[in-house]
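A.B. asks: In case you want the letters, here they are:
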Amino acid sequence: AQSVTQLGSHVSVSEGALVLLRCNYSSSVPPYLFWYVQYPNQGLQLLLKYTTGATLVKGINGFEAEFKKSETSFHLTKPSAHMSDAAEYFCAVSERGRNFNKFYFGSGTKLNVKP
Amino acid sequence: DTGVSQDPRHKITKRGQNVTFRCDPISEHNRLYWYRQTLGQGPEFLTYFQNEAQLEKSRLLSDRFSAERPKGSFSTLEIQRTEQGDSAMYLCASRLQGIQETQYFGPGTRLLVL
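First to last, the protein sequences are chains D and R.
Just so you know, the numbering used here puts 48 at position 45 of the first sequence, and the rest follows in order with no gaps.
Just so you know, the numbering used here puts 646 at position 21 of the second sequence, and the rest follows in order with no gaps.
Heads up, some of the hints might be wrong.
Claimed, not checked - Examples of chain D residues toward chain R, derived with CB under 10 Å:
hint : residue
1    : Val7
2    : Gln41
3    : Asn44
4    : Leu49
5    : Thr54
6    : Phe108
Note that these hints are calculated values from the structure, not bench results.
Given the structure is predicted, the values throughout are model-derived calculations rather than measurements.
Where a beta carbon is used, it is the ideal one built from N, C-alpha and C, also for glycine.
Required output: the full structure, derived from the provided sequences and hints.
C.D. replies: Okay, here's the thing in structure tokens:
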């Protein structure tokens, strides 16, 4: 089974600062990779995904992530944090092929943005 | 495209009672997934359907949990004889198989068992 590790359950940045949220996965075969955002008492909203092709993917709200096979990582970044980015972020992976059914999620990183 | 909807959004029940949650997927999405999310954790996969067929249910937490999707549209998740440990957010997601990899999530049903 896949496992997903998100380093840092809480990250705090100042408004306008760089956001870096880390995600590593365990798989010998590169999976599909996703980042979701969750606001309090709401469901998950897709930020971006990597399936194939260019390893740097851009998502909504100015976020982007880079798939690095050698590091089994898919870190999420945003050049300049905004107050509205405060939320919880989840990295998820899914196996390719016929097992592509269920997502494995990390435990999440809560992003706090200070004025 | 009205998105995935779930009902109710909140449920408070007493230990030992049965509860049922409903999920309406995005129209024409043939795959439907259930997840459980406990406080401070990411969602945990429970089961999924392709149309009306339940293709995997091994991750359902116990035999007190069951799910159905009788007509291949909406789905229900039932928990019998609820326990305090069942308190969690129950999330539903849907996907159009073969076209896109993304699962689209509903707002969830938050269950509190007293």
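A.B. asks: Hint by hint, say whether it matches the structure.
C.D. replies: Status of the hints after comparison with the structure:
1. Val7: 8 Å, holds
2. Gln41: 9 Å, holds
3. Asn44: OK, holds: Asn44 (chain D) within 10 Å of chain R, min 7 Å.
4. Leu49: 6 Å, holds
5. Thr54: Since the shortest Cβ distance to chain R is 6 Å, the answer is holds.
6. Phe108: This hint holds: Phe108 (chain D) lies near chain R, its Cβ roughly 3 Å from the closest one there, short of 10 Å.
Checked against the numbered hints listed earlier, the structure breaks none of them; every hint is satisfied.
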